[in-house]
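> Each chain, written out:
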Amino acid sequence: MSEDVAADSGQPMTTGRRTFILATAAVAACGAGAWGGHWWLTRGAVKGDEAKLLTASFEALDGKMTPVSTWQGKTLIVNFWATWCGPCREEMPEFVKAQSEFAVKGLQFVGIAIDRRAPVERFTKELAINYPVLLGDAAWLEAVKTMGNPQGVLPFTLVISPKNEVMLRRVGKLKYSEIAAIFA
Amino acid sequence: MTASLVDGKLSLQADVKPGHYLFRDRFEFHVNGKDVGSAVAPKLTKLAHDKGKVKDDPTFGKTTVFDKPFVLELMPVTTSKTELELVFQGCSEVAGICYPPTKRVFAMTAGAKNVPAKALPPSSLKNQFKPQVSQ
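Each protein sequence line maps, in turn, to chains U and F. Residues 1 to 184, numbered by this note's numbering, are exactly what the first sequence covers, in order. Residues 1 to 135, numbered by this note's numbering, are exactly what the second sequence covers, in order.
Derived from the structure by calculation, the hints contain no laboratory data. Here the structure is a predicted model, which is why all the values come from computation and not from measurement. Be a bit skeptical, because a hint or two may be false.
Claimed, not checked - Result set (DSSO-like, lysine-lysine): computed pairs, CA atoms no more than 27 Å apart in a straight line: (1) K103(F) - K145(U); (2) K81(F) - K118(F); (3) K9(F) - K103(F); (4) K173(U) - K17(F); (5) K175(U) - K64(U); (6) K34(F) - K9(F); (7) K145(U) - K118(F); (8) K125(U) - K118(F).
To be verified - One side only, chain U facing chain F, incomplete, derived with CB under 10 Å: (9) E90; (10) G152; (11) V153; (12) F156; (13) K173.
C-beta: ideal position from N, C-alpha, C; glycine also.
When you get a sec, could you build the whole thing from the sequences and use the hints?
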């Protein structure tokens, strides 16, 4: 990052200037991290509970056990949510829009509801959710603590590349514009 | 959150911070190991049902939440030592997140006021979810 800045400016870089730029970059990284949760976990190959998530199977609303690996090779957005979580429900219409828009570019949303079947079925119908919604055991709220969500709160979303690298972790709401930026 | 046992009356004091709320219907209470129901059980608590704020939830309709500090006056107890276990659940409007059901245990002797919860060992959330989440 600092090298790019120096190249763009066309100016020779002094030691003082380099230090300033590195310090600024560090502060910016921390700021971005604080905004998005655990900045040191922001990107990289899946491991631990994330790897377990990608090989796990969940009960779908049709009752069939469905492995997350079904969507291997897609840009996978895994959203942990619940009907009792207002912020979760608020962001979902944007997910529906993004799924319609970017499916052709390889986007696949998967919702994992930490909830009972009946309210999930009702809500997914009401909102015409256009992506698979699976039922997750409450124990997954323990597992997400090692994925960048130390309090185990909802909503929590992971964006995973086709190469199984975590592109984004979000505790709290994820916006359509952020999803669109991934496919820009 | 603290609990008190004064003159045989068990009460719970909750300090809800601005921008946060707890769902009234998601409280569960166990007194001395016995399930005594939820905050909406009329025999359990003197909580006035008009207290709290009504949120019009798009999925669940009108839902009562506590978004300010409150006190629940619970059932009278006759034992000098009492253990109150409760599960509650809420959200933060300022952070745009919801917390999973949380368990607190208070051990009190007669006359105890504003007793903080006991430290609990880390446990699986699965046991804290039984009425609301069942997989």
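> Sort out which numbered hints this structure fails and list those numbers smallest first.
5, 8
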